[in-house]
Amino acid sequence: MIDRGFYIMMIRKMRFIIPVLLIAAVSAQGGTVYLSFIQHSTRNLFQTRDGVSDQISAFSLSINQDFSALSFLANLEYSAFRQTTGLSFFSADGGFDCLLPAGKKSAFYFAAGVAGAFYRREYAAFSSLGANLVGAFKTYLAPSSILKLQWQGVYAVYKDSLFDYWSQTASISIDKYFATRTTLKADAEWGYKYFLHPFLPEPIEPLTEPATMIATPIGMGTETGYGDGWGGQQYQGGNGFIPRTSSEDGGAGIGHVALSLLAAQGIGDVVGLSASAVQQWIITGENPFLSIEEFYLVQNPSADAFSWEGRQITGRITLNLPWSVELKAGYTYSDKTYPGVESLSLEGLPLGLVRNDLRHLFEARIEKNFRRVSIFLAYSHVDNGSSDPLFVWKSHYVMGGFEWNLPTGRKGGVS
Amino acid sequence: MSHKVALFSILAALIAGPAAGQTGAHFYNIDKEIRFEGTVREIVLEPRYKGTAPFLVLRVEDAGGGKRYNVEVSPSWFFGQDIHGGEKVKVVGSLSEATGSVPTIIARELQLRGETFKLRDKRGFPGWQGGPQRKRGIRRFGSF
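Top to bottom, those sequences are chains S and D. The numbering used here applies: residue 1 is where the first sequence begins, and numbers increase by one. The numbering used here applies: residue 1 is where the second sequence begins, and numbers increase by one.
Among the clues, some could well be false.
The list that follows gives simulated cross-link-like pairs (lysine-lysine, DSS-like), each with its CA atoms no further than 27 Å apart [what the hints assert, rightly or not]: (1) S:K185 - D:K90; (2) D:K50 - D:K122; (3) D:K50 - S:K368; (4) D:K50 - D:K32.
Not close to chain D: a few residues of chain S, all C-beta gaps over 12 Å, as computed [claimed, not checked]: (5) S144; (6) Q279; (7) R311; (8) G352.
In short, the hints are calculated from the structure, not lab data. Note that the coordinates shown come from a computational prediction; the quantities given were computed from them, not determined experimentally. Glycine is no exception: its CB is placed at the ideal position from the N, C-alpha and C atoms.
Turn these sequences into a full structure, and let the hints steer you where they fit.
Next up, the structure:
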């Protein structure tokens, strides 16, 4: 079903925004404009055992313009879902960043930005507005060794206020390059995410059957109050999103620390190899929601880098082939536990297990660069095991597209 | 309506901004494009153009004759990529004016660690984009 009102609204917004940005970009000498189109095909949009196929067309326009020491960044994107049209979304973000040198070997980096994503109909609860700040410092301890510190803070409000949050992440990394063309890197991260009001109020009449309470979608939250769940609930009988109830107002936080190691090796001029491992621990709190969902291409507020503990191991190879062709392939194994999220049977009954997923991910991507256009094709295969049977699934993902670099400087311009 | 006015104001300010880094003597000249292979000896941040952030500059020693070049990369690469002293690198770029006795190369393409990084298109138009801020967003399978 086509939401005519949404399209009219989108066309009106685009009719104003895109020409203005294009004119601005082309007029602004020395800027960089990217136009891209990516076509995605998936047989499991909601990443559950009940595969739902879809094709997604994503269009984006990015502008980067330097003036003085500041750089202005703006990005507009529209993703159209062919089957699950309600997931089609428009997103925009923009901001400034700057690089401040501290001597010849060190620099500070600061960035501030705002971002918005706008969904409609049954997924309107995902619509959000947010702001973020980044501060970073990088220095060369020696020509072959780099120290980096970074902090990032994010604040976001959603149409469904259950998801409103602020978060911050701080990390430190150090690396060393050896004459054998080996790079070793170690990274430590601390992160904390605080949901401002993630709980629904307790029902006035107590429910006598807990299983019924969990299996029945209670709604999409305090604002929208729709009776349907998302994803699996609406498509082939899964669980959908399940908020918790609480008699107390207030928020809930979840914090983690993570350690990661990376080793990279160059072989000749053609081959690059890397292996990395991440171990993450939840050190405070747990997920405030009773379920975690990941949708392909959609920034789902119930699942992100803050929601899990466990480990992830990745191996990658990059081949630099003739005629400006680059081939990348990788394998990632992950073992993730989601504290606070209980595994449920397909009937919605609690299994007494915290949800744990084991995932094997194979990825390959080939890219060919022309003078101003890059084209690529990527294939992925995911084999996901889980203590929650709804999330035992295998699927393929294919995407292909191009990125067009639009010149806005004078011919031969420096920057 | 007020937000439209605000947007126009911001864009007008951008349009009116300086034409960053254009100087008569220092620009990407495709007729002076060269390729060479060497070893990175030093990494520095240097002011290059009036009105822009400082650039990442690599001091590269040519693999053949030990000749040294200053390779001008981009402003954002200082945070976007980690290049180390001692790394082997292949450079495609335009030979520009010399700073002292060391020739300067405006890099269009760098090849290191088995990967090729495009900094400019074949006519020399820059293609780099922001620093760490650019890396946020959802992870897509196959996007690496």
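Hints, one by one, checked against the model:
For the suggested pair S:K185 and D:K90, the alpha carbons sit about 23 Å apart, so the restraint of at most 27 Å is met. For the proposed pair D:K50 and D:K122, the alpha carbon gap of about 24 Å is at most 27 Å, so the pair holds. Note on D:K50 and S:K368: the hinted pairing is violated, with a Cα-Cα distance of about 35 Å set against a maximum of 27 Å. Our distance criterion of 27 Å between C-alpha atoms is met by D:K50 and D:K32, whose separation comes to about 23 Å.
Chain D draws S:S144 into its interface by the beta-carbon criterion, the shortest separation being 5 Å against a cut-off of 12 Å. Remark: the non-interface label on S:Q279 is consistent with the geometry, its nearest Cβ contact in chain D lying 18 Å away (cut-off 12 Å). No Cβ of chain D approaches the Cβ of S:R311 within 12 Å, the least distance being about 17 Å, so the stated non-interface status holds. Every C-beta of chain D lies more than 12 Å from that of S:G352, the closest at about 31 Å, which supports listing it as non-interface.
In summary, the numbered hints that this structure violates are 3 and 5.
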